[in-house]
Amino acid sequence: MLFIIEEKASEQMKIIFRLVGILVGIILLWVSLVFSASELGGEVVTLLRPGQEGSFKKVRLWIVDDKDIAWIEHGTNKSFWINQLTHQSEISLIRGGVEEKYIAVPDLNSHDLYHQLRKEKYGIGERIIEITTFSSSKSCEGLPVRLKQI
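Position 41 of the sequence shown, counted from 1, bears residue number 41 in this note's numbering, the numbering being contiguous throughout.
Bear in mind the hints are in silico, worked out from the structure with no lab data behind them.
Quick caveat: nothing in here was measured; it's all calculated off a predicted structure.
Every residue, glycine too, gets a C-beta built ideally from N, C-alpha and C.
One should not assume that every hint holds.
Said to hold, decoys possible - Straight line, CA to CA, 25 Å or less: simulated DMTMM-like cross-link-like pairs of lysine to aspartate or glutamate:
| no. | residue 1 | residue 2 |
| --- | --- | --- |
| 1 | 121 | 99 |
| 2 | 67 | 43 |
| 3 | 67 | 53 |
| 4 | 67 | 99 |
| 5 | 101 | 68 |
| 6 | 121 | 53 |
| 7 | 78 | 107 |
| 8 | 121 | 107 |
| 9 | 58 | 68 |
| 10 | 57 | 43 |
| 11 | 148 | 68 |
| 12 | 101 | 130 |
| 13 | 78 | 11 |
| 14 | 138 | 73 |
| 15 | 121 | 39 |
| 16 | 57 | 107 |
| 17 | 57 | 11 |
| 18 | 119 | 53 |
| 19 | 57 | 90 |
| 20 | 119 | 66 |
| 21 | 138 | 126 |
| 22 | 138 | 99 |
What the hints assert, rightly or not - What follows is a list of derived Cβ distance ranges for each label pair:
| no. | residue 1 | residue 2 | range |
| --- | --- | --- | --- |
| 23 | 135 | 98 | 28 to 34 Å |
| 24 | 13 | 66 | 57 to 63 Å |
| 25 | 94 | 119 | 22 to 28 Å |
| 26 | 34 | 138 | 15 to 21 Å |
| 27 | 23 | 99 | 27 to 33 Å |
Could you put the whole structure together from the sequences, leaning on the hints where they help?
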């Protein structure tokens with residue numbers, strides 16, 4: 001009788017371990033897919049984002065261009081660094097391995113244009129990000145920032 005109970009417990013543990021393994025595998029696949037789509041989907045720049053304590057944080061993100069204007073999107077109108085643009089509008093991006101200075105202006109009116117340009121530039125990578133993060137340009141609360149190179 002004890003042997004039967006131990007055998008059932010052993011089978012239940014195997015099932016639990018398999019389920020945990022499958023769950024971990026799905027999570028790793030999802031993370032890999034999002035990372036691959038964002039990093040390999042097209043041009044990625046590094047924003048040197050100012051922080052509240054005066055330091056800078058390197059943030060990798062996508063950039064789009066239309067003529068001599070570029071846009072990035074990282075944060076909302078509540079983000080510290082975006083609010084700081086009213087006091088200090090100069091930011092730095094590392095693009096193509098070169099640090100470049102820009103005048104940055106929050107540009108809510110370009111939200112649809114930004115997402116259209118992003119879809120055109122990043123294509124399948126953009127679509128993968130939308131699907132895997134359950135987001136779309138319609139539900140996006142991000143605030144595009146218009147950049148003019150100095």
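Verification of the hints:
{"no.": "1", "hint": "121 with 99", "in the structure": "holds, 22 Å"}
{"no.": "2", "hint": "67 with 43", "in the structure": "holds, 17 Å"}
{"no.": "3", "hint": "67 with 53", "in the structure": "violated, 35 Å"}
{"no.": "4", "hint": "67 with 99", "in the structure": "holds, 20 Å"}
{"no.": "5", "hint": "101 with 68", "in the structure": "holds, 14 Å"}
{"no.": "6", "hint": "121 with 53", "in the structure": "violated, 35 Å"}
{"no.": "7", "hint": "78 with 107", "in the structure": "holds, 14 Å"}
{"no.": "8", "hint": "121 with 107", "in the structure": "holds, 19 Å"}
{"no.": "9", "hint": "58 with 68", "in the structure": "holds, 24 Å"}
{"no.": "10", "hint": "57 with 43", "in the structure": "holds, 19 Å"}
{"no.": "11", "hint": "148 with 68", "in the structure": "holds, 7 Å"}
{"no.": "12", "hint": "101 with 130", "in the structure": "violated, 30 Å"}
{"no.": "13", "hint": "78 with 11", "in the structure": "violated, 52 Å"}
{"no.": "14", "hint": "138 with 73", "in the structure": "holds, 14 Å"}
{"no.": "15", "hint": "121 with 39", "in the structure": "holds, 13 Å"}
{"no.": "16", "hint": "57 with 107", "in the structure": "holds, 22 Å"}
{"no.": "17", "hint": "57 with 11", "in the structure": "violated, 49 Å"}
{"no.": "18", "hint": "119 with 53", "in the structure": "violated, 35 Å"}
{"no.": "19", "hint": "57 with 90", "in the structure": "holds, 15 Å"}
{"no.": "20", "hint": "119 with 66", "in the structure": "holds, 13 Å"}
{"no.": "21", "hint": "138 with 126", "in the structure": "holds, 14 Å"}
{"no.": "22", "hint": "138 with 99", "in the structure": "violated, 32 Å"}
{"no.": "23", "hint": "135 with 98: 28 to 34 Å", "in the structure": "holds, 31 Å"}
{"no.": "24", "hint": "13 with 66: 57 to 63 Å", "in the structure": "holds, 58 Å"}
{"no.": "25", "hint": "94 with 119: 22 to 28 Å", "in the structure": "holds, 24 Å"}
{"no.": "26", "hint": "34 with 138: 15 to 21 Å", "in the structure": "holds, 20 Å"}
{"no.": "27", "hint": "23 with 99: 27 to 33 Å", "in the structure": "violated, 42 Å"}
Hints 3, 6, 12, 13, 17, 18, 22 and 27, counting from the list given before, are not met by this structure.
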